[in-house]
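The residues making up each chain are set out below.
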Amino acid sequence: MPADYLPILFFAVVAVVLSAIAVLMPALFGPKRPTSVKLAPYESGKLPIGPARRRFSIQYYLYAVLFILFDVEIVFLFPWAVVFRDLAPRWLGLAEAAVFVLILLLGLAYVWKKGGLEWE
Amino acid sequence: MDWVADFWIPLIKAVVVVLVLLLGGAYMTWGERKICARFQVRYGPNRAGPFGILQPLADAVKAIFKEEIVPNHVDKIIYVMAPGISFAAVLITFAVIPFGPEVDLFGQRVGLWVGDIEVGLLFLLAIAALGSYGIVLGGWSSNNKYSLLGALRAAAQMISYELILGISLLAVVLLAGSLNLREIVDFQGTWPLLVLQPLGFLIFLIAILAESNRSPFDLPETENELVSGFMTEYGGIKFALYFIAEYTAMVVNSAIVVTIFLGGWKWPALISDLHPLAGVGLFLAKVLFVLFLYVWIRASIPRVRFDKFMRFSWKFMLPLAFVNLLATAAVVAFL
Amino acid sequence: MTVSQVVFILLSIAALGGALGVVFARNLFRAALALVLSFVGVAGFYVLLEAEFLAMVQILVYVGAIAILIIFAIMLSRRMMSSETQPWNEQWVGAVVVAAALFAALVFILSRVDWPATEAQVPADSISQLGQALVSPDFYVLPFEVASVLLLVALVGAVIIAREQ
Chain A
1 MPADYLPILF FAVVAVVLSA IAVLMPALFG PKRPTSVKLA PYESGKLPIG
51 PARRRFSIQY YLYAVLFILF DVEIVFLFPW AVVFRDLAPR WLGLAEAAVF
101 VLILLLGLAY VWKKGGLEWE
Chain B
1 MDWVADFWIP LIKAVVVVLV LLLGGAYMTW GERKICARFQ VRYGPNRAGP
51 FGILQPLADA VKAIFKEEIV PNHVDKIIYV MAPGISFAAV LITFAVIPFG
101 PEVDLFGQRV GLWVGDIEVG LLFLLAIAAL GSYGIVLGGW SSNNKYSLLG
151 ALRAAAQMIS YELILGISLL AVVLLAGSLN LREIVDFQGT WPLLVLQPLG
201 FLIFLIAILA ESNRSPFDLP ETENELVSGF MTEYGGIKFA LYFIAEYTAM
251 VVNSAIVVTI FLGGWKWPAL ISDLHPLAGV GLFLAKVLFV LFLYVWIRAS
301 IPRVRFDKFM RFSWKFMLPL AFVNLLATAA VVAFL
Chain C
1 MTVSQVVFIL LSIAALGGAL GVVFARNLFR AALALVLSFV GVAGFYVLLE
51 AEFLAMVQIL VYVGAIAILI IFAIMLSRRM MSSETQPWNE QWVGAVVVAA
101 ALFAALVFIL SRVDWPATEA QVPADSISQL GQALVSPDFY VLPFEVASVL
151 LLVALVGAVI IAREQ
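Residue numbers (this note's numbering), protein chains in the order written: chain A, 1 to 120; chain B, 1 to 335; chain C, 1 to 165.
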């Protein structure tokens, strides 16, 4: 029921307002004496070298793709898990889910064998 | 519209719970320093008040009156928003956790929870997903290579272990037959789920430590290689907000562990006719126990290496979590 | 106005504002964040429509996974990272024509369909019913298993693209 979410909405509003106050508060208090050294990016006390935003390993991307696929799989399994104890032949429900999971674990095994889980 | 039941009670509950969580997060910083100190044969904070009990207050005042430094070339709006997102997401997670039964307070029937929704368990996972944005945004907007690397690591680690959280929760849902957290607590009326799901509990505990970047899995903020990672460029109250978000997350995550695996506010065995407010006390005691576990782990176990930890996630934890799920289903199906 | 109307308007602002942000933001990273806002707005619509499960799935999958993937992809590409990009290019006339045609087609269809309305409530155990339907041989067990195969194919494709460079 959407009405069940109203208390959560209130709660979220209180939480967000509190966070916003906390973030914006130092504008009122505290000194403001910026210098160019103070505002430089911190790099262990040395002058920054090269651009701050550079490209990163493809590995991160691969993990994100794997995550999406398994996330979708889990989402499918939640309704199954809710209803599992009420299924008429439970072994059938188990078998269906096992096939479902094993197909994707086959994919995991493929990535594993291809070295996709290794960090380079 | 019934103003008292539909507006004032939820609003008061929201304000009270947020303030309690804020206080809990603040005092968790004190508690951790104190307990860690005892593990290392030190005293810990002991200047501000007896046993240093006013230390969080002193820290808060200091953070507020610090100079606000917004470094050059940062993406200003996102840089300022990011710690707030982190903190708000942690607080909102608590919105679906029941911390007591229904009680009569001031002549009103009040349920000791903020929100009671059918899909509470999924709500927890969904807000955890939102929370990772606070860290990614902070790292990206900071214009610092260590911050960005820390944020990337954080994101990769959080998504990997969110999966494992999800799978270990599937086994819980399968047993309890519901996604509603109050029903999951009711299901644990006689025995906590820890008894039925010992392996699932271990998997969940490791995954939730990793998901909230807690030691020994605090790889996104390693001091010695990333100079605190995504927090490098933050100072003053914004740093304090990230910091307290992390400690409030410890409190909230402990509450989640207690609710899902340790029976929530229910008594372990068959004692049921106690005063309902005693349940709240029990809930708090259990949360404190899990929090102590957190600090104990931090004081005892050294940090792991990032690449090994990611490999551990995908090659060991993920298959293990699936085995646990299918084994649970098999036991339910054939017994 | 009822509470749900107020909430609907706020959600519409979030969803549409986010969508506009995606198109007009000059910085790709900010465009991705606007997309997240839009996704969250849509999740809110699902809650209003009493599709709670779908709302949570929307956040879990779209905000938690797909948007993160997009952000990773932006961080991986050199030119996309910090410099502002120009949202217009010389093909904007064609884009406007196609978009207008699509919009017209949608309006045409939406105005002609006789939308079925019912007084029936959403059943309280809709998630259980969904689970039953997913595993029942009379309903959707075949699509359920095929979905897994589809995910497998996507996974293999991703590995091949990421590995063979």
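Just so you know, these hints were derived from the structure itself, not from any lab. Please read all numbers here as calculations on a predicted model, not as lab measurements. Fair warning: there could be bad hints in the mix.
Unchecked claim - Quick list of in silico lysine-lysine cross-link-like pairs, DSSO-like style, CA-CA up to 27 Å:
#, chain 1, residue 1, chain 2, residue 2
1, B, K76, B, K145
2, B, K62, B, K34
3, B, K76, A, K32
4, A, K114, B, K76
5, B, K66, B, K76
6, B, K145, A, K113
7, B, K34, A, K32
8, B, K315, A, K32
9, B, K145, B, K308
10, B, K34, B, K76
11, B, K62, B, K76
12, B, K34, B, K145
13, A, K32, B, K308
14, B, K34, A, K113
15, B, K66, A, K114
Unchecked claim - Coverage of chain A stretches by chain C, computed from C-beta distances (three or more under 8 Å per stretch; other residues unrestricted):
#, stretch
16, 17-28
17, 59-73
18, 90-104
Note that CB positions come from ideal geometry on N, CA and C, so glycine has one too.
The hints, checked one at a time:
1. B/K76 x B/K145: 17 Å, holds
2. B/K62 x B/K34: 20 Å, holds
3. B/K76 x A/K32: The hint holds at about 16 Å.
4. A/K114 x B/K76: 42 Å, violated
5. B/K66 x B/K76: The hint holds at about 18 Å.
6. B/K145 x A/K113: Violated: B/K145 and A/K113 sit about 32 Å apart, past 27 Å.
7. B/K34 x A/K32: Violated, at roughly 34 Å.
8. B/K315 x A/K32: Violated. B/K315 to A/K32 sits at ~50 Å, over the 27 Å cutoff.
9. B/K145 x B/K308: 22 Å, holds
10. B/K34 x B/K76: Answer violated: B/K34 to B/K76 is near 36 Å, above 27 Å.
11. B/K62 x B/K76: Holds, because 23 Å separates the two Cα atoms, which is no more than 27 Å.
12. B/K34 x B/K145: At roughly 33 Å apart (the allowed maximum being 27 Å), B/K145 and B/K34 break the hint.
13. A/K32 x B/K308: Violated: A/K32 and B/K308 sit about 44 Å apart, past 27 Å.
14. B/K34 x A/K113: Violated. B/K34 to A/K113 sits at ~47 Å, over the 27 Å cutoff.
15. B/K66 x A/K114: Distance of about 52 Å is beyond 27 Å: violated.
16. 17-28: Violated, because only 0 residues of the stretch 17-28 of chain A bring their Cβ atoms closer than 8 Å to Cβ atoms of chain C.
17. 59-73: It holds, with 12 qualifying residues against the three required.
18. 90-104: holds (count 9)
Violated hints, in rising order: 4, 6, 7, 8, 10, 12, 13, 14, 15, 16; the structure is consistent with all others.
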